[in-house]
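Protein chains in written order, with the working numbering: chain P, 134 to 348; chain H, 1355 to 1676.
If you're looking for bench data, these hints aren't it; they were derived computationally from the structure.
Think about it this way: if two alpha-carbon atoms lie no more than 16 Å apart in a straight line, the pair counts; the simulated EDC-like pairs of lysine to aspartate or glutamate are:
1) K1539/H with D1447/H
2) K1611/H with D1548/H
3) K1456/H with E1533/H
4) K1509/H with E1485/H
5) K1358/H with E1647/H
6) K1522/H with E1608/H
7) K1472/H with D1510/H
8) K1481/H with D1510/H
9) K1522/H with E1609/H
10) K301/P with E1495/H
11) K1430/H with D1447/H
12) K1430/H with E1449/H
13) K244/P with E1631/H
14) K1430/H with D164/P
15) K1430/H with E1647/H
16) K1513/H with D1558/H
17) K1358/H with D164/P
18) K301/P with D1548/H
19) K1509/H with D1465/H
20) K1673/H with E1621/H
21) K1513/H with D1465/H
22) K1470/H with D1510/H
23) K301/P with E1621/H
24) K302/P with E1621/H
25) K1456/H with E1477/H
26) K1522/H with D1558/H
27) K302/P with D1548/H
28) K1470/H with E1516/H
29) K302/P with E1495/H
30) K1430/H with D165/P
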Amino acid sequence: MSYPARVALKAAIWVGSLWPLGVLLRDFMTDDLGANPIEYITRTLGMTALVLLLTSLGMTPLRALFGWSWPIQLRRLLGLLAFFYVCLHFSVWIGLDHFFAWRRMWGDVLKRPFITVGMSALLLLIPLAATSTQGMIKRLGGARWRLLHKLAYVIGGLGVLHFLWLAKKGRTTPYYYAIVLALLLGARVWDWVRKRRSALRPGALPGRESARARS
Amino acid sequence: MLVKRDIERRLRGEDILPQEITDHGAYLNRRAFMAGAAVLALAPWGREASAQGKLQPLQATKSPAYQLQESLTPYKHVTSYNNFYEFGTNKEDPERLQAALKTRPWTVQVDGLCAKPKTFGIEELLKFPLEERVYRLRCVEAWSMVIPWIGFPLKDLLKRVEPTAQAKYVEFTTLLNAEMFPGQKRGLFGFSLDWPYTEGLRLDEAMHPLTLVTVGLYGQVLPNQNGAPIRVVVPWKYGFKSAKSLVRIRLTSEEPKTAWNKAAANEYGFYSNVNPEVSHPRWSQATERRIGELRRRDTLMFNGYADQVASLYAGMDLKRFY
Chain P
134 MSYPARVALK AAIWVGSLWP LGVLLRDFMT DDLGANPIEY ITRTLGMTAL
184 VLLLTSLGMT PLRALFGWSW PIQLRRLLGL LAFFYVCLHF SVWIGLDHFF
234 AWRRMWGDVL KRPFITVGMS ALLLLIPLAA TSTQGMIKRL GGARWRLLHK
284 LAYVIGGLGV LHFLWLAKKG RTTPYYYAIV LALLLGARVW DWVRKRRSAL
334 RPGALPGRES ARARS
Chain H
1355 MLVKRDIERR LRGEDILPQE ITDHGAYLNR RAFMAGAAVL ALAPWGREAS
1405 AQGKLQPLQA TKSPAYQLQE SLTPYKHVTS YNNFYEFGTN KEDPERLQAA
1455 LKTRPWTVQV DGLCAKPKTF GIEELLKFPL EERVYRLRCV EAWSMVIPWI
1505 GFPLKDLLKR VEPTAQAKYV EFTTLLNAEM FPGQKRGLFG FSLDWPYTEG
1555 LRLDEAMHPL TLVTVGLYGQ VLPNQNGAPI RVVVPWKYGF KSAKSLVRIR
1605 LTSEEPKTAW NKAAANEYGF YSNVNPEVSH PRWSQATERR IGELRRRDTL
1655 MFNGYADQVA SLYAGMDLKR FY
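Starting from the given sequences, assemble the full structure and let the hints guide the process.
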């Protein structure tokens, strides 16, 4: 992919992912946050975080399926933007929803499974965000870094569970997210199986090439 | 420049300019004057309500015994933030899709274990002596409102059909019509509530003076999204117990199956009394957000109606009968 195309793509991601925040700010300025503003803000931030998280998880499968390399260069940006929204989501929960009622919030973290998994996802995101720099990749070494960052799938799973468990019966949206996550995981498993097979066959094409040939 | 007060106002969802709101003292004075004059009068919401919709005004006497020293939730929020799954699962769906619901002609069949079963036309039901009562509404999702309803006690209706000695429960049924209620169509994953929506009360709960057959709010007939043309309001129970758009009220000897209980029995019991000490399995019920307020407030036992209704449940384990 050419340099201008890459810049354009990154710019699109920045604009697209900051859009929901802009909408919230606009709604705030025009006094249009609805009957339950805190619920609306929390929900919008959480949904955006989940969308960005799943999008970042989609990058590796895109490479595996189509042999493109550019998605890999977007993973970090998407992941960090997801982390940014998770932090905002969490801050609103603490500061606006519960007004720093620490004991009550801690009780909820322990007792309410959907909050427990949401909190776990947030905690697991911290080491990933902290090791997202080139320097940290070098310091950890590629193999260890990749292993650590497989946690992104666990976090995606926790995020979807968080959504599934907080939703009332009859709501279908969380199931769409679960399906997307399952497809992404399925693509990784398929890729892993395929790579193992080609590794066992002497003289087989490297994984990426065979993927391109197949598609 | 936004000042802190303004920011807080926006986060509370308080969209009305201060000069548009009748100050509470003036409101109470007007109320006292009207009660003193003992006249049938139009409710004082005229301006706000008529600015919202062009719904038919309803005449009702104010019930001095059923007023609250709490600010009313703005009409705009009462009619735009609704759980009414017949229209859809989003809070905005009922207002957006309400126009499809046709409330005339409309009848309510009152039958079952009674001496004089009868099908009432809506016009006949509107002739019952109507009262205006301000009730708290506490949703199971931990938010609440304060709403001036118009209606009459359910007991007055039930007495007309003369329940027999075998009658122990009352079952409410909402209209089943997927043309008017798009939410009743089967979803992609097939699961939604088991339509028609049914709810139920024990007979003594149904006969309690607080239990209101409701035909209006804010001085007008009920907006469609709030359960037009006729619903029940049971203020000490979570909102889903107050079934909307009723077509049938049936007296039974056995506990009726209720829609949310069928969908998730461990989460929604038959009683579903507001109780800060009994958590929903997935979230706490100890606090609630009053629509229009920034801070959470503590949830009150029986939604603040303990003095009137606690005796109905004397000796019952409310953790078991949730």
